[in-house]
Amino acid sequence: MRYLPLLLANLRRRKIRTVLTIGSFAVALFLFGLLFALRSGLRQGIDVAGADRLMVMGTSLVQMLPLPYLGRIERIPGVEQVTHATWFGGVYQDPKNFFVQFAIDPEPWRVMYPEYVVDDQEWADFVADRQGIVVGAKLAERFGWEVGSHIPLMPPPYLGNTMWDFTVRGIYRGNQPGVDETQFWMQYDYIQENGPDYFRGIVGWYAVRLADPEAAAQVAQAIDEEFRNSANETRSQTEAAFVTGWVRQMGNIEFLVFAIGSVVFFTLLLVTGNTMAIAVRERTSELAVLKAVGYSDLFVLGLVLAESALIALAGGAMGLWLASGVVGLDLTQGLILLFLPRGSMAGGLAVALATGLLAGLLPALGAMNLSVVDALRRV
Amino acid sequence: MVRVDGNGNGEGLIRVRGLDKSYRRGGEEIHVLQGLNLDVERGEFVAFMGPSGSGKTTLLNLVGGLDVPTAGTVTVAGDEITRMSRRKLTRWRARHVGFVFQAYNLIPVLTAYRNVELPLLLTSLSRRERREHGEAALRAVGLEDRMHHFPRQLSGGQEQRVAIARAIVADPTFLLCDEPTGDLDRRSAEEILDILSALVSDHGKTILMVTHDPKAAERASALLHLDKGVLFEAHRQPQEVMA
Chain A
1 MRYLPLLLAN LRRRKIRTVL TIGSFAVALF LFGLLFALRS GLRQGIDVAG
51 ADRLMVMGTS LVQMLPLPYL GRIERIPGVE QVTHATWFGG VYQDPKNFFV
101 QFAIDPEPWR VMYPEYVVDD QEWADFVADR QGIVVGAKLA ERFGWEVGSH
151 IPLMPPPYLG NTMWDFTVRG IYRGNQPGVD ETQFWMQYDY IQENGPDYFR
201 GIVGWYAVRL ADPEAAAQVA QAIDEEFRNS ANETRSQTEA AFVTGWVRQM
251 GNIEFLVFAI GSVVFFTLLL VTGNTMAIAV RERTSELAVL KAVGYSDLFV
301 LGLVLAESAL IALAGGAMGL WLASGVVGLD LTQGLILLFL PRGSMAGGLA
351 VALATGLLAG LLPALGAMNL SVVDALRRV
Chain B
1 MVRVDGNGNG EGLIRVRGLD KSYRRGGEEI HVLQGLNLDV ERGEFVAFMG
51 PSGSGKTTLL NLVGGLDVPT AGTVTVAGDE ITRMSRRKLT RWRARHVGFV
101 FQAYNLIPVL TAYRNVELPL LLTSLSRRER REHGEAALRA VGLEDRMHHF
151 PRQLSGGQEQ RVAIARAIVA DPTFLLCDEP TGDLDRRSAE EILDILSALV
201 SDHGKTILMV THDPKAAERA SALLHLDKGV LFEAHRQPQE VMA
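First to last, the protein sequences are chains A and B.
Following the numbering used here, the numbering of the first sequence begins with 1 at its first residue and continues without gaps.
Following the numbering used here, the numbering of the second sequence begins with 1 at its first residue and continues without gaps.
A portion of the hints provided could be inaccurate.
[Unchecked claim] Pulled a few chain B residues facing chain A out of the computed Cβ check, cut under 10 Å:
id: 1; residue: Arg86
id: 2; residue: Arg93
id: 3; residue: Val97
id: 4; residue: Asn105
id: 5; residue: Leu121
id: 6; residue: Leu122
id: 7; residue: Arg127
id: 8; residue: Arg128
id: 9; residue: Arg166
id: 10; residue: Ala167
id: 11; residue: Ala170
[Claimed, not checked] Chain B is nowhere near these chain A residues, computed Cβ spacing over 10 Å in every case:
id: 12; residue: Pro5
id: 13; residue: Ala9
id: 14; residue: Asn10
id: 15; residue: Gly23
id: 16; residue: Gly78
id: 17; residue: Pro95
id: 18; residue: Asp129
id: 19; residue: Asn175
id: 20; residue: Pro177
id: 21; residue: Val263
id: 22; residue: Ala292
id: 23; residue: Ser296
None of these hints come from the bench; they were simulated from the model.
From the three backbone atoms N, C-alpha and C, an ideal C-beta is built for every residue, glycine too.
Required output: the full structure, derived from the provided sequences and hints.
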């Protein structure tokens, strides 16, 4: 602490340069934050996917499955519980207001997905009301919905062309960060009663809870074998595999984040390294005087590194703070649930610190090895 | 008593024996100091004069432990500094030497007080004690009322006084002043010389000062002349030496 005034005074020496260098770190970490928020958003399904759950779908995305499959799947050894969900695809006010809508069988759904937490009373109200819905907290926040709100949805063309009315009966929250809070659940029975005849007795997919997650591959194979050569063959996979496949359709996000991040930080390394080199060069005589009055070579090394680290941390913290603010603005309108985990924030700061230290290392070594006599002679 | 014949009794503060310093520049060996001897007792104010390139600053750097000789020894208060490691020498400088440079070499982003406090940060003194010492040093050079001024807000003479305060604040064994009045007008130079003289007469400090200024040299208790790497006594007649 006793050296802090010296450290801060050095940073105030060229205010514009310090601010610009801090700004460089802020911009880089802002970008880092956004990229990681995107990555986290896309990966959230993978990260929170139940290791003990399978998704059983038709062999194509549009192929529905018969409802009687439920009983047959339940009887397959290794299956503990089965429920189903059906994609609704309605439009709320404007097609741009996209969000996920599932028709579900309420009770087994709640048991299958304990990560979605709903108040017991609200859940009871939902079960008791055919037109009731439960929505995620973020979705409710996005549109200003609350329990009791009436929500009209225009169904997709294959379900008719008259508005369907729903009432919000509950709002769910995730029990951990990364749980999707943007879904809209309606009762399966409601769409069965109101939908056209050809929509009766079919579901979008089945969710299967396994007795033993280790046996996922065997059970998935057994399910698919059960329906082989039928009119509706199935494709079973773990939830994580399903979500990973979906994310891959959007490109190799990991590579994108890594590539962009690497370029940004390498550039930052050069910019900061150059800045620190100039900062050291222009005060050669001062560093020499410090050494002359008794400051060690290691102290001078530490002083330059500390300056560089302080710039990096200040800029990094600012950039991440801005990124977390922007991420909270729901830029994707609920399409991708962007969020910046604390781990990524800490990782970002660590990367910023490492970049700052690395950038300052060469100038710091130069300062450490500075000859007092030579430096004073140059004055 | 200052001697350059190498026959000092060894009880003085500074004892230099057979000091050589040579540089290699462009394949050519340049001998800056050659077999130099020097004995300085405590409380002496020694001035070194000589033409540019004669080795005055090199001698000061060697005695101050900023540079290492090619041959010979420098012993200060019983410590042979020419045998010390770089790390030990750094600690020794902090304890024993106060430097005053021609260009003041204050840190421009620190106030006068913070500049003076720098050597004290290396000690175990508390903040309050550092404050007391720093204020006392600035008081000694007549700048107590300028302690919160930055170097750019001070005149050249005031800056040099701050530099002297920085040099004396940790109560070093001796001061090395490399042309302390070289960048100052006559009046400011006299003020600086008054302060240096007072440090010797009132506080018993030992000062080794390099100067080109005969008037500054007159203030010293001993004047030595250095030419072509050889040191000799000027018998307190700088005018004759300059001639």
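Status of each hint after checking the structure:
{"no.": "1", "hint": "Arg86", "result": "holds, 7 Å"}
{"no.": "2", "hint": "Arg93", "result": "holds, 5 Å"}
{"no.": "3", "hint": "Val97", "result": "holds, 8 Å"}
{"no.": "4", "hint": "Asn105", "result": "holds, 5 Å"}
{"no.": "5", "hint": "Leu121", "result": "holds, 5 Å"}
{"no.": "6", "hint": "Leu122", "result": "holds, 5 Å"}
{"no.": "7", "hint": "Arg127", "result": "holds, 8 Å"}
{"no.": "8", "hint": "Arg128", "result": "violated, 13 Å"}
{"no.": "9", "hint": "Arg166", "result": "holds, 7 Å"}
{"no.": "10", "hint": "Ala167", "result": "holds, 8 Å"}
{"no.": "11", "hint": "Ala170", "result": "holds, 8 Å"}
{"no.": "12", "hint": "Pro5", "result": "violated, 6 Å"}
{"no.": "13", "hint": "Ala9", "result": "violated, 4 Å"}
{"no.": "14", "hint": "Asn10", "result": "violated, 6 Å"}
{"no.": "15", "hint": "Gly23", "result": "holds, 21 Å"}
{"no.": "16", "hint": "Gly78", "result": "holds, 69 Å"}
{"no.": "17", "hint": "Pro95", "result": "holds, 60 Å"}
{"no.": "18", "hint": "Asp129", "result": "holds, 70 Å"}
{"no.": "19", "hint": "Asn175", "result": "holds, 50 Å"}
{"no.": "20", "hint": "Pro177", "result": "holds, 44 Å"}
{"no.": "21", "hint": "Val263", "result": "holds, 34 Å"}
{"no.": "22", "hint": "Ala292", "result": "violated, 5 Å"}
{"no.": "23", "hint": "Ser296", "result": "violated, 5 Å"}
When each numbered hint is compared with the structure, violations occur for hints 8, 12, 13, 14, 22, 23.
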